[in-house]
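Protein sequence lines correspond, in order, to chains R and G. According to the UniProt record's numbering, the first sequence is numbered sequentially starting from 1. According to the UniProt record's numbering, the second sequence is numbered sequentially starting from 1.
In short, the hints are calculated from the structure, not lab data. Each residue gets a CB set at the ideal place from its N, CA and C atoms; glycine is no exception. There's no promise every hint is true.
What the hints assert, rightly or not - Residues on chain R that point at chain G, a partial pick, calculated with CB under 10 Å:
1) ALA71
2) VAL184
3) LEU187
Claimed, not checked - Listing some non-contacts, in silico: residues in chain G with all C-beta distances to chain R over 10 Å:
4) LYS43
5) TRP51
6) GLN100
7) GLY122
8) ALA198
9) ALA200
10) SER237
11) LEU238
12) VAL257
13) PRO261
14) SER280
15) LEU282
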Amino acid sequence: MSVWVDKFDVFAGGFWLTLQICVLAAIGALVLGAVVAVLRISPVPPLRALGTAYVTIFRNMPLTVVMFFSAFALPALGSNADFLRIPGLELVFTRLGTDLPYFRFALIALTLYTAAFVCEALRAGINAVSPGQAEAARSLGLTFTQNLRYVVLPQSWKASIVPLGSVIIAMIKNSALIGFFGVVGDLSQSADQLTSAEGYAFIPVAIGISIGYLIMTVPLGALLDRIERRQAVAAR
Amino acid sequence: MSSVLYDVPGPRQRRLTLIISLLATVLVAVGAYYLIYLPLDEKGQFSMDLWGPLIDPSNENFTLVWERIWVGIENTLIAAALAIVASLIIGTLLAVLRLQLKSLAGRRYAGLSAPVAYLLRGLGSGLAVLTRVCVEVFRGLPVVITIFFVARGLPEFGVTLETLWYLVIGLTVYNGVVIAEILRSGMEGLPFGQREAAVAIGLSPFQTTTLILLPQSFRIMLPALISQLVVVLKDTSLGFIISYEETLNIGKQIIGVLSNPIQVYFVIAVLFILVNYSLSKLAQYVQKRLARGRKTANLPAASEVAAPIDAGAAV
């Protein structure tokens, strides 16, 4: 049990790093997912095809393969993902600026993968808005953009929030993979480090790491449950 | 669905759409050419040296490489099949157990002496809390971590197994819990009249669950269960962290010899996408079939009986 006291900084550091990548990937995935969702419902066929292709590819590929791709294909494309070294952001999320690119690669993979699911969650929300709303907007003469901006999206947001939340929870859990892709010091890599290299007893470490993840996932899940129940009551 | 968002285009709109379509296509193509094709070509990623072993049957390594990949696919499918069967069993048991415990929660055990009754009630609520905690914990933990813990933890207790079983156990723990939740929400979403009718004809709570609620829940939740199958299949690729020889791990071995990572991962990605895409299509098809079946089945019932209680409870 002494590992909790001795190595508290390792647990806390791992938690902080996992939280960092989750926040960054969540922002990235929400933005990218929204763009893909707009592509998927746009009136222009090639754009729609592009959006559909994106979702099909990334939803059916294991995240592991996406990670390997970003770790091997990006260097082959001649990029070290240096565009992610955003000056202001680097100060808070220090790992963005390190010379080892693995954090950035993992971030890109996680963002690309999650964006497909975000797109589906947003689309589910849009489909949940009753067709009469969009029809009424059209009959008023609103264009596609106006229709989305003023009528459909404000309403779809409410139906999207629960699926979006579960996508984000899944993403937090998926972020555990980064520890096995060369990112040093996140929660999952700390588990490996503490048990194998530093020889601490397995069970206390496992409990510590589990608590780290559960702190992030369980309250979020409970919150979603609450929202879902309240929405169900409101809908009745 | 989405066509609700815009009108059927007139001649001007059609022209505009055509122009934008062409522009978009050209833009995407040019972007892909300059940002992806050219850099890859420059690094010689399209050379036959790298692709040959994967796509050219006359290449000396072709048969060997595909033999290895085939082994990987087989291992992936074995692990996925075992995991899905095991998690279906565990999930069903857990769902039934949780529902039973819930129905036991209010029971007073009137015929028994006071200490025994208290003991039984304590046992019931204790088990209910325990299963709830298990579900929350294992649903909240990443699968990777579960698999890692199983592979690292079981040997600590003197249980050494083949890596296949570590992977299967890890996947089962996670997916079993998820499936249990899917089935449970299916059962709780059923109209309350189902349970009342079962009790009225004298079925015990256990019989009610297994004979009435569970089969319907399976039917309603079939699309969700098939989607979970896709998740399991994707998650078997996590076997590489405990060096189980599944497709991805075999890919890594091939890359170690031929050093063509992009090409090998491309082929593996295509394989995964093909299988998972067909599975998701199957889920969609099943969902459509079920929706159709339920609509026609409900038509006479809805007109004959006014159902005031379960108007909101129905899924």
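Going through the hints against the structure:
This hint holds: ALA71 of chain R has a C-beta 8 Å from the nearest C-beta of chain G, less than the 10 Å allowed. For VAL184 of chain R, the interface hint is violated, since its Cβ never comes within 10 Å of a Cβ in chain G; the closest pair sits about 16 Å apart. Residue-level restraint check for LEU187 of chain R holds (minimum Cβ-Cβ distance to chain G is 8 Å; threshold 10 Å). Remark: the non-interface label on LYS43 of chain G conflicts with the geometry, its nearest Cβ contact in chain R lying 5 Å away (cut-off 10 Å).
Here TRP51 of chain G stays apart from chain R, with its beta-carbon at least about 14 Å from theirs, past the 10 Å limit. The claim that GLN100 of chain G is not at the interface with chain R holds, since no C-beta of that chain comes within 10 Å of its own (minimum 22 Å). Listed as outside the interface, GLY122 of chain G is consistent with that label: its C-beta sits roughly 25 Å from the nearest C-beta of chain R, beyond the 10 Å cut-off. Annotated as non-interface, ALA198 of chain G keeps its C-beta farther than 10 Å from every C-beta of chain R; the closest such distance is 24 Å.
With a closest Cβ-Cβ approach of about 26 Å to chain R, ALA200 of chain G is found to remain outside the 10 Å limit, as its non-interface label requires. Residue-level check failed: SER237 of chain G sits 4 Å from the nearest beta carbon of chain R, not beyond 10 Å. The beta carbon of LEU238 of chain G sits about 6 Å from the closest Cβ of chain R, which is not more than 10 Å, so the claim that it is off the interface is violated. A cut-off of 10 Å between C-beta atoms confirms that VAL257 of chain G is not in contact with chain R; the least separation is 16 Å.
Its closest Cβ contact with chain R, about 4 Å, brings PRO261 of chain G to no more than 10 Å, contrary to its assignment away from the interface. At roughly 7 Å, the least C-beta separation between SER280 of chain G and chain R is not larger than 10 Å, which violates its mark as non-interface. With a cut of 10 Å on Cβ distances, LEU282 of chain G stays outside the contact zone with chain R, its closest approach being about 13 Å.
Hint compliance for this structure: hints 2, 4, 10, 11, 13 and 14 are broken, all remaining hints hold.
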